[in-house]
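One line per chain: the protein sequences are A and B, in this order. 4 is the number of the first residue of the first sequence in this note's numbering; add one for each residue after it. 4 is the number of the first residue of the second sequence in this note's numbering; add one for each residue after it.
One or more of the hints may lead you astray.
Which copy is meant is left open, so a pair is good if it fits within one copy or across any two.
Said to hold, decoys possible - Straight-line distance between alpha carbons at most 20 Å, and here's what the computed EDC-like set of lysine to aspartate or glutamate pairs gives:
| # | residue 1 | residue 2 |
| --- | --- | --- |
| 1 | K69 | E127 |
| 2 | K36 | E127 |
| 3 | K123 | D76 |
| 4 | K22 | E119 |
If you are wondering where the hints come from, they were derived from the structure by calculation, not from laboratory data.
Number of protein chains: 2
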Amino acid sequence: MPLTTFKAQAHLQQGVQVKASARNFEVTIDEPKELGGTDTGMNPVEAVLCALGACQAIVARTYAGKFGINFDDFRVEVEGDLDTDGFMGKPGVRPGYSEIRYTFHIDTKEPKEKLEEFVKYIEEHCPVGDSLANTVSLKLDSIVTGEQ
Amino acid sequence: MPLTTFKAQAHLQQGVQVKASARNFEVTIDEPKELGGTDTGMNPVEAVLCALGACQAIVARTYAGKFGINFDDFRVEVEGDLDTDGFMGKPGVRPGYSEIRYTFHIDTKEPKEKLEEFVKYIEEHCPVGDSLANTVSLKLDSIVTGEQ
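For reference, chain A alone in the conformation it holds in the complex (with noise of 0.2 Å):
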């Protein structure tokens, strides 16, 4: 299936939780108090942290035999820099995050240059990480009112 249109939604709750969903699955998404909300789930870009690290988890498993890398676990550690001012409209402030890092805790005995090549493919084919580190163009498609 190679271009594949993938879908969600989001249903905004009391404040500023929300239910988003993916086929049957569904997530709560909410902000912590200082953010304003009640801290019932992951705020949205701690979830985008969340989808990267498990995409390149993914990218790992899958190309791990590609590779001849073995392991016994497999971890990513995701942090991002946000400047929370851009949110709040402060001008010439982006909203988004300007930098992601992270660490990957493999349990193995592989040598340092096979996992590091190994790393380099599992960056350069996750859906996710390209998704962030180049552009996606954004488009509104209608905005429908009424009763829903």
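Based on these hints, arrange chain B on the given structure of chain A.
Here is chain B on its own, set in the frame of chain A:
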């Protein structure tokens, strides 16, 4: 809290299932069977669409007052095109999203022009939207080996 560092981690389980977490919140990420998974959760690129829709809904809630907008319901439908050949390593095909589209479903009696101005503001101030529409610097911190 202007410059903030958000964190998450992703821990690979059996097959391509991943337990991803931020603070005390966890989400299960997997792939559908046709993409090599066991279908126990949304996949990473669907999670990105969920994060985008949720982020837009949160910006809408936060700024509705500023625009004098009243609504009884707010829902976003998001879809994105991705060529899975990129993930499969086909040269010249990007692994990530090429285009993401969204429709805002708003149960409101506000006039069209006011809603268009409101939606434009949402698009310009959404942290996840900005992270996708513009480039983010992605950096490998380190590769840590050995037992975790």
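Outcome of the hint check:
Taking identical chains as interchangeable, the C-alpha atoms of K69 and E127 lie at most 20 Å apart only when both belong to the same chain, with a minimum of 15 Å there against 42 Å between chains. For the identical chains of this complex, K36 and E127 are neighbours neither inside a copy (37 Å) nor across copies (24 Å), given an alpha-carbon limit of 20 Å. For the homomeric pair K123 and D76, the shortest alpha-carbon distance inside one copy (18 Å) is at most 20 Å, but the shortest distance between copies (44 Å) is not. In this homomeric assembly, K22 and E119 never come within 20 Å of each other (Cα to Cα): the closest approach is 38 Å inside a single copy and 24 Å across copies.
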